[in-house]
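Chemist: Let the sequences and hints guide you as you build the complete structure.
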Amino acid sequence: MTTLLWNARLINPETGTDDTGAVLIENGAIGAVMTNSAEIAAAKTRAAEMIDCNGKCLAPGIVDLGVKVCEPGERHKESFGSAGLAAAAGGVTTIITRPDTLPAIDTPETLEFIRRRANEAAPVNVLPMAALTKGREGHEMTEIGFLLDAGAVAFSDCDHVVRNTKVLQRALTYARSLGALVVGHPQEPTLSAGAAVTSGKFASLRGLPAVSPMAERMGLDRDIALLEMTGARYHADQITTARALPALERARQNGLDITAGASIHHLTLNELDVADYRTFFKLKPPLRSENDRLAVVEALASGLIDTLSSMHTPQDEESKRLPYEEAASGAVGLETLLPAALRLVHAGHLDLPTLFRALALNPAKRLGLACGRLANGAPADLVLFDPDAPFVMDRYTLRSKSRNTPFDGQRMQGKVLATYVGGQQVYGRE
Amino acid sequence: MRFSHKHLLGIEPLAPDEITMILDLAERYVDLNRGRAKHGDALAGLTQINMFFENSTRTQASFELAGMRLGADVMNMSMQASSIKKGETLIDTALTLNAMHPDLLVVRHPHSGAVDLLSQKVNCAVLNAGDGKHEHPTQALLDALTIRRAKGRLHRLSIAICGDIAHSRVARSNILLLGKMENRVKLIGPPTLMPSGIAEFGVEVYEDMAEGLRDVDVVMMLRLQKERMDGGFIPSEREYYHRYGLDAEKLAHAKPDAIVMHPGPMNRGVEIDGTIADDINRSVIQEQVEMGVAVRMAAMDILARNLRSLPKEVMA
Chain A
1 MTTLLWNARL INPETGTDDT GAVLIENGAI GAVMTNSAEI AAAKTRAAEM IDCNGKCLAP
61 GIVDLGVKVC EPGERHKESF GSAGLAAAAG GVTTIITRPD TLPAIDTPET LEFIRRRANE
121 AAPVNVLPMA ALTKGREGHE MTEIGFLLDA GAVAFSDCDH VVRNTKVLQR ALTYARSLGA
181 LVVGHPQEPT LSAGAAVTSG KFASLRGLPA VSPMAERMGL DRDIALLEMT GARYHADQIT
241 TARALPALER ARQNGLDITA GASIHHLTLN ELDVADYRTF FKLKPPLRSE NDRLAVVEAL
301 ASGLIDTLSS MHTPQDEESK RLPYEEAASG AVGLETLLPA ALRLVHAGHL DLPTLFRALA
361 LNPAKRLGLA CGRLANGAPA DLVLFDPDAP FVMDRYTLRS KSRNTPFDGQ RMQGKVLATY
421 VGGQQVYGRE
Chain B
1 MRFSHKHLLG IEPLAPDEIT MILDLAERYV DLNRGRAKHG DALAGLTQIN MFFENSTRTQ
61 ASFELAGMRL GADVMNMSMQ ASSIKKGETL IDTALTLNAM HPDLLVVRHP HSGAVDLLSQ
121 KVNCAVLNAG DGKHEHPTQA LLDALTIRRA KGRLHRLSIA ICGDIAHSRV ARSNILLLGK
181 MENRVKLIGP PTLMPSGIAE FGVEVYEDMA EGLRDVDVVM MLRLQKERMD GGFIPSEREY
241 YHRYGLDAEK LAHAKPDAIV MHPGPMNRGV EIDGTIADDI NRSVIQEQVE MGVAVRMAAM
301 DILARNLRSL PKEVMA
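Keeping their order, the protein sequence lines are chains A and B.
Positions 1 to 430 (full-length UniProt numbering) are the ones given, in order, by the first sequence.
Positions 1 to 316 (full-length UniProt numbering) are the ones given, in order, by the second sequence.
Some hints could be false.
[Said to hold, decoys possible] Quick partial rundown of chain A residues pointing at chain B, CB under 8 Å, derived from the structure:
| hint | residue |
| --- | --- |
| 1 | R321 |
| 2 | L322 |
| 3 | E325 |
[Stated by the list, open to error] Pairs of lysine-lysine, DSSO-like flavour, derived with a Cα cap of 30 Å:
| hint | chain 1 | residue 1 | chain 2 | residue 2 |
| --- | --- | --- | --- | --- |
| 4 | B | K6 | A | K284 |
| 5 | A | K320 | A | K201 |
| 6 | B | K121 | A | K320 |
[Claimed, not checked] Among chain B residues calculated to face chain A with C-beta under 8 Å, some are:
| hint | residue |
| --- | --- |
| 7 | I91 |
| 8 | R169 |
| 9 | R172 |
I should point out that these hints are in silico values taken from the structure, not numbers from a laboratory.
For glycine and all other residues, C-beta sits at the position ideal for the given N, C-alpha and C.
Modeler: Encoded structure:
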């Protein structure tokens, strides 16, 4: 079975190119990537099915590192079924799930449950992360070896920072011996305890408990020092402040095995968007100043920050319709990741191949996955999208069970036209 | 002149003219309150509900009296003891009350922004009687009226606000109001009790009382909010009193005719010396309480006038 997607703008993050061409799908994998017209003409005679992409963009499907699916525990907020549909509609072909569920994913048995549920219910690839410490409590490490065997792609306690540095040191040392990737949340936990916004004029005007952006750098500095001690493989889940960037750069120059991510909300919104206590803008870490936002956007464009993800965190109305301090943190993002990220392209901060380097290639590489590329032999996980199509975001159109998006009512540009996972179309506009 | 707001949630959205409008009307109510028959009918037939999710004696009494003097039916709900304890959310409480058709809702809540949230879910006019560390607009208005009566004007004055600025909604509302009316505002306190980004508020910040109080017209003391302290903001009460407590020696740096204010309740011997608080030539603390009733009468009167001209739309 062969399918030819032709007349497409091929967004290739590996080569950094954006050329018109075609992709041949053979047996669920990419059989050929062609820009030569004679080659394409020859392929047309062979292909069983042909799809005219009408000059729209064809890119590797998004690999979203750090998605919360609320199974087990809070299935009313998001299930693998609803998250999978949302992912497909958003051009996300691989979800890397977070273990911050109820209970936490900290044993091979619970991980096995996730894998089974995900395969039954979700039309996209689902790969789970497991907790680094039991119950994400920061006392004892999990069975990292068994969890790796059971399919964990990385280990993280998510927003529960391991406070005890000795525990983290041992966990990192053990993880290094197995080559496991540890995903940290750089934050000094006592400084950020109870904080709802970033400190500064806005926080003081609104009278909300705040944390200095310095808490992120302090957390990152500690983790970097531990990497020097242990040599572990480490990924910082979200870098959101300008002050953390020089530390990251130095660690990279010193040859430590460190990568870093950013969340789409911190790259497209700032602290002032909270306005009159709008709880859909309450995130963890909180939204930052405009200067921080721009610095992190620049770091993403330069490659200092490797990955861009949605940090998809479903919350129901009940947990958001509360006074700001009491409201839950987090926003859904699977379906809005691409159109929001395209704002950065439309604003001239980065080009499409650079964007897909952060959305697909880099997360896949960091996790050792074969996807995320437009290359022969890679899985045919693809997204076809129109980067310019305008629309007004209506949160009630979201496929997620929770509709807590900060982009409700906003004008956006960029629509997914079709999503392919392993060569199968899992989403397409009629 | 129109008052263009449905609610009184804070000083921040008010225009200087609107502040003056409330103060001018409050002057008339001061006269009414000083007369023998202290009764008007501006709120006759209207229902006022006071919802206090946080303990209050003086503010609640002041609002209650203000409503009664203008002829409203006033009901007090102590939310500490009620359904909130049974797990009801703020919005459900608001919807329940809304179904009883109140006209004025006076709300105090321990969380910043909670009164704002509640106001979105009800049809009546909402008055913020203090929300977390955000705003306490009627306190700033009564302070403004007190200053205006004592100094004959409410602009181009040098005004010091001293003490626990970080945890004070009174300070925030006063900084906003006094700034809007074009006064020079000086904040004095230990740096651990200053909110972040305070220098961007168009104020001067001092850590030393003598320096900060130099030639000011008005000294506003704040209560040291012991109940809000996480612990460890200041070394001890006595060191605080030594460095920041208002006594005759420190007050000597202010103008000779400077007035002393305090929103109450006072901690004598912590932030203010008892003799200064009782000095009738300097202290206007009792006058502040009197202005409180008048300002709240004026604020509710103005909102009630708006209420009559507004269609009663139904909100979810």
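Chemist: To test your reading of the hints: which numbers does this structure violate?
Modeler: 4
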